[in-house]
Structures are given as C-alpha cells and as structure tokens.
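First to last, the sequence lines map onto chains A and B.
My numbering puts the first residue of the first sequence at 1, with every later residue one more than the last.
My numbering puts the first residue of the second sequence at 1, with every later residue one more than the last.
Hints were generated in silico from the structure; no laboratory data involved.
Ideal Cβ positions, reconstructed from N, Cα and C, are used throughout, including at glycine.
A hint or two may mislead.
Over 10 Å on every C-beta distance to chain A, these chain B residues come out as not near it, computed from the model [claimed, not checked]:
id, residue
1, Ala30
2, Pro59
3, Phe62
4, Pro65
5, Ser101
6, Asp162
7, Pro187
8, Pro201
9, Asp208
10, Val209
Listed next, with one range per pair, are the computed distances between beta-carbon atoms [unchecked claim]:
id, chain 1, residue 1, chain 2, residue 2, range
11, A, Met246, B, Glu180, 20 to 30 Å
12, A, Pro187, B, Asn7, 40 to 50 Å
13, A, Ser202, B, Asn91, 19 to 29 Å
14, B, Gln89, A, Gly124, 25 to 35 Å
There are 2 protein chains.
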Amino acid sequence: MLNEIKNHRSVRKYKDEQIPDVVLNEILTAGLRASNTGNMQLYSIVVTRSSDIKQKLAPAHFNQPMVMGAPVVLTFCADVNRFTKWCQQRNADAGFYNMESLITAFVDASLAAENVCLEAEAHGLGICYLGTTTYNVRQIIDALQLPKGVVPVTTVTLGYPDGEAPMSSRLPLNAVVHDETYHDYSPADIDNAYAEMESDPSNQKFIDVNNKQNLAQVFAEVRYSKANNEYFSKELLEAFRQQGMM
Amino acid sequence: MLNEIKNHRSVRKYKDEQIPDVVLNEILTAGLRASNTGNMQLYSIVVTRSSDIKQKLAPAHFNQPMVMGAPVVLTFCADVNRFTKWCQQRNADAGFYNMESLITAFVDASLAAENVCLEAEAHGLGICYLGTTTYNVRQIIDALQLPKGVVPVTTVTLGYPDGEAPMSSRLPLNAVVHDETYHDYSPADIDNAYAEMESDPSNQKFIDVNNKQNLAQVFAEVRYSKANNEYFSKELLEAFRQQGMM
C-alpha cells in the first residue's frame with residue numbers, strides 16, 4: 001500500500017516551523033491534478049497563514065487548537081463563481097448556481113483535498129481535516145470573504161508534526177464494502193462491524209466521562225447529537241441559499 | 001510529486017483482464033484509511049462486477065462505455081443507515097438523517113474514493129470517475145438497491161489500461177489558490193486563468209462540431225447546460241428527500 005495512505009494519521013500538534021513556498025506550491029499543484037467533473041475545476045483553495053485571519057476562522061472550528069497552531073490552514077471551497085464569470089465574459093449562457101453544480105463541486109473539492117493531504121505527507125508534513133467546516137459555514141464565508149457561488153467544503157491544517165500522533169482504527173472491510181448491490185445489515189452484521197471499535201479500551205474513558213452506557217451513545221447523544229445535526233443542517237441550507245446555490 | 005498523482009489520467013479503455021481479489025481488497029482497504037469525520041465512516045462502497053448489474057447501472061451513466069467495459073465498477077455512497085442501525089441497537093438516540101450528515105458523508109466518501117484511485121494506480125490499474133453519478137441518482141439507487149439513508153456520491157470504473165490515455169491540462173495554480181482570503185476575479189484574471197485551456201488546439205473541434213463561438217459556450221450551453229443542471233438539481237433534491245435526508 002502507498003506509504004502515505006498506510007501511515008496516515010491526523011496530526012494535531014505542529015512544530016513552530018514554516019512550510020517553504022516551493023513545498024507548499026508542489027502540494028497545492030498535486031491537489032489540482034485530482035480528477036474533477038468535466039475538467040471544470042469548480043473549486044478554490046484559500047491558503048491562510050496570517051494570525052489575523054486564523055483568529056477569525058478559529059471560532060468557526062470551535063477553537064480547535066490546530067487552527068492557530070498550524071503554520072498553514074487550507075480551506076477548500078466549492079466555487080462556481082470563477083467558471084460563471086468566464087462564461088459570462090465569453091457570452092455563454094451559464095447555469096451553475098444550483099444544487100447539482102454545488103454537489104459536483106463538493107466532490108471535486110474533496111478529491112483535490114485528499115491529493116493535497118497525501119502529497120503533504122510525502123513531504124513529511126502532518127495534516128488534520130476539520131469536519132467543523134460545514135457546521136459554521138457562514139462564519140467561514142465572512143472570515144474568508146467568500147462571494148456568492150463559493151461555499152466552504154473542508155479545511156485542512158498543515159504543518160511539521162510535533163511528536164507521534166496515534167493511528168485510528170477503521171471498520172473491517174466487509175462492514176463497508178457490498179458485493180454487487182447493497183446488502184442491508186442484520187443485527188449480527190452490526191455487532192460484527194462495530195465489535196473492534198467497541199472493544200478498544202481507549203474508548204472507555206469517553207463513555208465514563210460522559211456518563212453514558214456505550215460508545216454509540218457518546219457519538220449520537222454527545223459528539224454528534226440530533227439537535228446539533230438538525231441545527232447545523234438548517235444553517236447549512238441557509239448558507240447554500242445565501243451563496244445563491246438553491 | 002507522488003508518481004500516482006503526477007501521472008494520473010482518466011482511463012476509459014480497459015483490457016479484458018480481471019482484477020485479482022487480493023489486489024482489489026488492498027485498494028479498498030486503502031480507501032478506508034482515508035480521513036473521515038469523527039471516525040464515523042458514514043459511507044459504503046458497492047463493488048459491481050456482474051454484467052447484469054452493470055447493465056442496470058449503464059443508463060444512469062448515459063451508457064458511457066466504461067461501465068460495461070471495466071471489470072470493476074465502484075459506487076461510493078454516503079451512508080447513515082449503518083451507523084444509525086448501530087446506534088439504535090445500542091439504545092442511542094441517533095439523528096443522522098439530515099443535510100449536515102449527508103454533506104459530511106459526501107466529503108468522506110469522496111476522500112475514500114481518491115485514496116482508492118491512487119492506490120489502484122499504484123497497482124498499475126487505470127481509473128475513471130463518473131460525474132454522472134449525481135445526475136440520475138434514483139436510477140442508481142434502484143440498480144444497487146440502496147435503502148433509506150444511502151445516497152450515491154461518485155462512481156469509479158477500474159481496470160487494466162488498454163493503450164495510453166491522454167493527460168488533461170489544469171488551470172494555473174494562481175487561478176485556483178487564494179492568499180489569506182478570497183480575491184474575486186477581475187476580467188483580466190479570468191482571461192489569464194482560462195488562456196491555456198482556450199489556446200489548446202484539441203478543444204477547437206468541440207467548438208466546431210457544436211457550432212459555437214468559443215469553449216465556454218460548449219461547456220455552458222452544450223455539455224453542462226443550465227436546463228440540464230436545473231433538472232438534475234430537482235432530481236437530486238428529490239432523491240435526498242426519498243432517502244430520508246432532508
């Protein structure tokens with residue numbers, strides 16, 4: 001398996017060391033090489049290094065320390081603004097302000113992000129994705145001055161690792177892969193899929209500290225609660241509307 | 001730059017040669033190693049090899065020849081069904097049937113897909129993404145028997161390359177990357193961004209054959225027309241609703 005894939009771990013602590021421009025440019029160029037729909041490249045990447053802008057981004061990411069701690073913060077955005085401007089400038093009747101184009105752009109921006117991360121790891125850098133990007137979308141839009149047609153998709157913090165980060169376990173292959181068509185899960189399938197994760201002793205502390213009976217309750221009732229997910233869903237759709245995508 | 005990233009090209013013609021299970025399993029395992037939100041792994045991968053199911057998938061992809069021509073078709077799906085079943089079985093109050101979780105899952109499925117593609121290329125395989133996946137979502141849902149909570153995100157065809165595929169050009173880095181915050185494009189910026197693509201003589205035939213004045217018109221008025229994008233947007237939102245995600 002490719003070393004960068006096999007050895008990937010989320011790195012949350014970085015050395016106080018800048019990333020040379022030549023390295024960063026090669027990493028970003030690797031992102032642009034990713035496949036994308038029709039070669040329209042409906043995405044943009046905002047590179048944030050200044051303390052000022054990071055301070056504006058940090059609350060949107062619930063002040064996770066990686067935002068201020070990493071030398072570089074990359075915000076990958078779905079972007080139909082650039083392509084539409086090109087079409088308009090060429091007298092072409094463009095229609096990309098809609099959900100189909102937005103979702104296409106979400107996938108394409110994600111593929112570019114994964115290339116960036118693997119290339120960064122090949123250069124000895126550590127990365128961490130911030131899933132919080134789609135929670136407080138409007139704060140990020142404001143912080144990065146994203147115009148209509150541009151929506152943040154995911155954020156990657158980037159820097160030289162300080163210390164060894166732990167590797168996360170994953171579900172067994174047969175829990176995620178379906179043969180020919182989708183085979184829905186029996187109760188026994190579910191038990192098997194999550195058995196390893198549930199037996200990992202390092203998860204017990206999360207159950208104890210949150211006063212829950214099991215790991216599923218920690219996920220569903222604390223970390224990713226229904227109330228939060230529904231609130232962020234409303235906010236997300238409102239941001240899509242605000243950016244002209246619905 | 002990582003060889004797989006540097007040399008990536010979309011491969012649309014495949015040899016009549018099966019992919020050994022041990023190779024396919026390593027490729028899929030590489031997918032699972034990708035970063036994902038909270039390690040919830042809200043995605044599934046459907047592996048289609050049978051002619052029967054491929055025949056059902058093909059029309060959803062406008063009968064692009066890669067579907068029938070590739071030994072393996074991978075459909076990456078956002079999946080909150082498995083995780084929700086686990087939560088329910090553990091008496092945890094789960095709320096993942098919403099847009100926030102769906103969008104999170106779209107990103108995570110895409111990151112897994114890109115790992116799969118790079119690992120496949122490291123094994124000498126060729127890949128092609130099918131952006132058509134989000135066009136005829138409901139046909140794919142039917143063909144693969146996807147239950148509520150599961151939505152197709154992207155499709156990858158996989159096989160040993162038959163012949164040399166061309167490499168696509170990309171926008172220059174400074175057309176996609178923004179320093180600190182988003183800098184909106186002036187008319188001159190737009191001209192510069194698309195100059196190389198517009199001067200590529202291989203694009204001239206698309207302009208001629210479609211009776212258009214320029215490449216932007218081919219994109220916006222023929223390949224990805226406003227009417228189609230708006231139709232597919234409605235279909236996509238209807239599919240999200242049908243799968244219980246809105």
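Right, here's what the structure says about each hint:
Consistency note on Ala30 (chain B): stated as away from chain A, yet its beta-carbon is not over 10 Å from all of that chain's, at 5 Å minimum. Even its closest Cβ contact with chain A, about 16 Å, leaves Pro59 (chain B) beyond 10 Å, as expected for a residue assigned away from the interface. Distance to chain A confirms Phe62 (chain B) as a non-interface residue, since its nearest Cβ pair spans about 13 Å, more than 10 Å. For Pro65 (chain B), the requirement that its beta carbon stay farther than 10 Å from each beta carbon of chain A is met, with the minimum near 17 Å.
Look at Ser101 (chain B): its CB is around 6 Å from the nearest CB on chain A, not clear of 10 Å, so calling it non-interface is violated. The beta carbon of Asp162 (chain B) sits about 19 Å from the closest Cβ of chain A, which is more than 10 Å, so the claim that it is off the interface holds. Its beta-carbon lying about 6 Å from the closest one in chain A, Pro187 (chain B) breaks the requirement of being farther than 10 Å from that chain. No beta-carbon of chain A is positioned within 10 Å of the beta-carbon of Pro201 (chain B); the least distance is around 16 Å.
In this structure Asp208 (chain B) is separated from chain A by more than 10 Å, as the shortest Cβ-Cβ distance comes to about 16 Å. Its beta-carbon lying about 16 Å from the closest one in chain A, Val209 (chain B) satisfies the requirement of being farther than 10 Å from that chain. The hint said 20 to 30 Å for the Cβ distance between Met246 (chain A) and Glu180 (chain B), and at roughly 28 Å that hint holds. Restraint check, Pro187 (chain A) to Asn7 (chain B): a C-beta distance of roughly 46 Å satisfies the suggested window 40 to 50 Å.
Taking the beta carbon of each, Ser202 (chain A) and Asn91 (chain B) are about 22 Å apart, inside 19 to 29 Å as hinted. For the pair Gln89 (chain B) and Gly124 (chain A), the supplied restraint of 25 to 35 Å is violated, since their beta-carbon distance comes to about 42 Å.
Figure legend: structure checked against the earlier numbered hints; hints not met, in rising order: 1, 5, 7, 14.
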